[in-house]
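J.: As you go down the protein sequences, you meet chains U and Y in turn. For the first sequence, position 190 matches number 190 in this note's numbering, and the numbering has no gaps at all. For the second sequence, position 220 matches number 1220 in this note's numbering, and the numbering has no gaps at all.
If you are wondering where the hints come from, they were derived from the structure by calculation, not from laboratory data. It cannot be assumed that every hint is accurate.
[Said to hold, decoys possible] Below, computed lysine-lysine pairings styled on DSS-like, alpha-carbon distance capped at 30 Å:
1. Y:Lys1014 <-> U:Lys344
2. U:Lys230 <-> U:Lys253
3. Y:Lys1014 <-> Y:Lys1261
4. Y:Lys1141 <-> U:Lys251
5. U:Lys59 <-> U:Lys36
6. U:Lys251 <-> U:Lys230
7. U:Lys230 <-> U:Lys59
8. Y:Lys1113 <-> U:Lys251
9. U:Lys230 <-> U:Lys254
10. U:Lys253 <-> Y:Lys1141
11. Y:Lys1261 <-> U:Lys230
12. U:Lys253 <-> Y:Lys1025
13. Y:Lys1113 <-> Y:Lys1014
14. Y:Lys1241 <-> Y:Lys1261
15. U:Lys230 <-> Y:Lys1241
16. Y:Lys1261 <-> Y:Lys1245
17. Y:Lys1261 <-> Y:Lys1025
18. Y:Lys1113 <-> Y:Lys1141
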Amino acid sequence: MLALGSTLITQQQQRRFAIPALFIACIVMFFIALSKGGVTISISEIIAIINQTAEDQLKHAIIWQIRLPRIVLAMIVGAGLAACGAAMQAIFRNPLADPGLIGVSSGAALGAVATIVLGTSIFANFSDSFGIYAVPVGAFLGCIGVCVFIYRLSAHSGQFTIISLLLAGIAVNAIVGSLIGVLTLISNDQQLRDLTFWSMGSLAGNHFTMMTPTLCIIIACCIGLLRLAKPLNLYLLGEAQAKHLGINVTKLKKQVFIYTALCTGAAVAITGIIGFVGFIVPHIVRLILGPDHRYLMPASILGGALMLGLADLFARTVILPAEVPIGLITSAIGGPFFLIMLLKTYQQRG
Amino acid sequence: MLTGNQLSATVGQKVLLDNVDFVVKPYEVVVIIGPNGAGKSSLLKALCGDIPLSHGTVSINQRALAEYTITELATLRAVLTQNYELDFPFTVNEVVDMAHFAHQEQQSSLALKRFSHNAMQALGISHLAQQCFTRLSGGEKQRTQLARVLCQLQPSLVNQQSAYLLIDEPTSSLDLYHQYEVMNQARLVAEQGAGVVAVVHDLSLAASFADRIYMLNEGRVVAAGSPQQVLTQARLNEVYKIDAKLQTNLDNVLPHIIITKQVS
Chain U
1 MLALGSTLIT
11 QQQQRRFAIP
21 ALFIACIVMF
31 FIALSKGGVT
41 ISISEIIAII
51 NQTAEDQLKH
61 AIIWQIRLPR
71 IVLAMIVGAG
81 LAACGAAMQA
91 IFRNPLADPG
101 LIGVSSGAAL
111 GAVATIVLGT
121 SIFANFSDSF
131 GIYAVPVGAF
141 LGCIGVCVFI
151 YRLSAHSGQF
161 TIISLLLAGI
171 AVNAIVGSLI
181 GVLTLISNDQ
191 QLRDLTFWSM
201 GSLAGNHFTM
211 MTPTLCIIIA
221 CCIGLLRLAK
231 PLNLYLLGEA
241 QAKHLGINVT
251 KLKKQVFIYT
261 ALCTGAAVAI
271 TGIIGFVGFI
281 VPHIVRLILG
291 PDHRYLMPAS
301 ILGGALMLGL
311 ADLFARTVIL
321 PAEVPIGLIT
331 SAIGGPFFLI
341 MLLKTYQQRG
Chain Y
1001 MLTGNQLSAT
1011 VGQKVLLDNV
1021 DFVVKPYEVV
1031 VIIGPNGAGK
1041 SSLLKALCGD
1051 IPLSHGTVSI
1061 NQRALAEYTI
1071 TELATLRAVL
1081 TQNYELDFPF
1091 TVNEVVDMAH
1101 FAHQEQQSSL
1111 ALKRFSHNAM
1121 QALGISHLAQ
1131 QCFTRLSGGE
1141 KQRTQLARVL
1151 CQLQPSLVNQ
1161 QSAYLLIDEP
1171 TSSLDLYHQY
1181 EVMNQARLVA
1191 EQGAGVVAVV
1201 HDLSLAASFA
1211 DRIYMLNEGR
1221 VVAAGSPQQV
1231 LTQARLNEVY
1241 KIDAKLQTNL
1251 DNVLPHIIIT
1261 KQVS
């Protein structure tokens, strides 16, 4: 259970220190990320720029127009994905679950791919009226549409069972996958390139006006999920048991579903598919802090912000002036790191 | 008073419960017995409101189950089910503390901590408090879950409010000592004013601790009353197909079932 400490006393200490430590790490990472890039800007310059007292217009533009929006987006999206991952793992009572199970990713992909491929023909009106927002809006609508469909399929006769949710999710994901395949087949070279890059994820090229709705939705959903920490703990005992302890289990499942769909949908719409954060961050936090959601949820939120922030810093600085798709980085760092944690845990168990 | 009135339940074509009447009052231990598939667990689930009924109503203190909120029910009764699916590495103490949820607004956290402590002491698992639940043995897991359920009832018992404890085969993976110890705890809870309903397989155990016994067979109550009234030789033969009788007349010995050797 423990990866870093060997006794439970240290787990309690870890719990007490983890959240402040992660918070400080996030702030440090935030300033490092602001200063690093094609142009290195010192911390004192950054403070001057944020206080609007700096003279250098170029550096001012780099911070306000490029780096700050991007870093804020990376951190908030990372936080949202990790919170949703933690909630999904609880609701499926399975540490391998992730938001993709309820159709968020495939729905968003369908919406985005449809907008990219059909944007010049069938959806020309849609593309025109939303302009540069067309792909994010399409992705968000696709995500919500597919989630509503899965929700309807699994909520029959007042019940909302996890097994029917899982089965509906698998079936709908398969259908949506084939639709994406058809769209890919009829796309031209430029569209194919666009949709391939969309599916690898990117945090680049967003400014605050475009991000604001996404950020608001994610923050609201994170707060909602934080408030569910205690019920989620009890839910892990089993549905009947949680009900006997005073939890409205059906309502809890629906709340988690809605928060996860909105939060992941908002994130995926603007960044494309960034895998692994939602799965790996809660898992690592659980290895260190244990399964109690009162610690797991806030620590996952901070850990997600930290991980995606770092991954993005890496993505945009490692092969300057080009950059690596963020989804590749999260998988490339996350996978081995996760394996090391897992091996350490098994070694300690003996 | 926890009452079930003419309870019937079916799954597909199979009849789980057929017109069962059931009562448990405060200060008594009622045990449900019967052969495999007789409907014991179904009756307990029906009394909890966990399975839909095709006919009949369950009520607590003359008020139907459906009229209570989930939180009200959680302060009024605690349930220990047969299976639990906890695969996440909570400590024993954390599992017991989960009982606090329904009480956290009425009780101070200090009082709630004391309830957890008492419950763990009563079940003899205090030394396991910081152990990881998933690594316990079957018996230790069962005692942890029972401690959680006892902890959930404590606030109501201390405040002299009515409380009901429903337990489904609490002793199925316990050794002999702990079987009797767990039933003793159920007895103690009843003495504090709770109504206890337990599904038990072991007839000797049932006879030792029950004030009243309901014997079920094929979804129907075939007998109800004191252990002596229910566990007659004729009925054991008819329902369990064994030639056995209840022995209660020995001094300083708990009642037990004596089975005659089969002569073929």
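J.: Each hint needs a verdict: does it hold in this structure or not?
T.: Now the hints, each set against the structure:
1. Y:Lys1014 <-> U:Lys344: violated (51 Å)
2. U:Lys230 <-> U:Lys253: holds (13 Å)
3. Y:Lys1014 <-> Y:Lys1261: It is violated: about 35 Å lies between the C-alpha atoms, which goes past 30 Å.
4. Y:Lys1141 <-> U:Lys251: holds (28 Å)
5. U:Lys59 <-> U:Lys36: holds (12 Å)
6. U:Lys251 <-> U:Lys230: holds (14 Å)
7. U:Lys230 <-> U:Lys59: violated (46 Å)
8. Y:Lys1113 <-> U:Lys251: At roughly 28 Å apart (the allowed maximum being 30 Å), U:Lys251 and Y:Lys1113 satisfy the hint.
9. U:Lys230 <-> U:Lys254: holds (16 Å)
10. U:Lys253 <-> Y:Lys1141: Since the Cα atoms of U:Lys253 and Y:Lys1141 sit roughly 26 Å apart, the hinted pair holds (cutoff 30 Å).
11. Y:Lys1261 <-> U:Lys230: violated (55 Å)
12. U:Lys253 <-> Y:Lys1025: violated (35 Å)
13. Y:Lys1113 <-> Y:Lys1014: At roughly 45 Å apart (the allowed maximum being 30 Å), Y:Lys1014 and Y:Lys1113 break the hint.
14. Y:Lys1241 <-> Y:Lys1261: holds (13 Å)
15. U:Lys230 <-> Y:Lys1241: Cα-Cα ~49 Å, so violated.
16. Y:Lys1261 <-> Y:Lys1245: holds (12 Å)
17. Y:Lys1261 <-> Y:Lys1025: violated (38 Å)
18. Y:Lys1113 <-> Y:Lys1141: The hint holds at about 20 Å.
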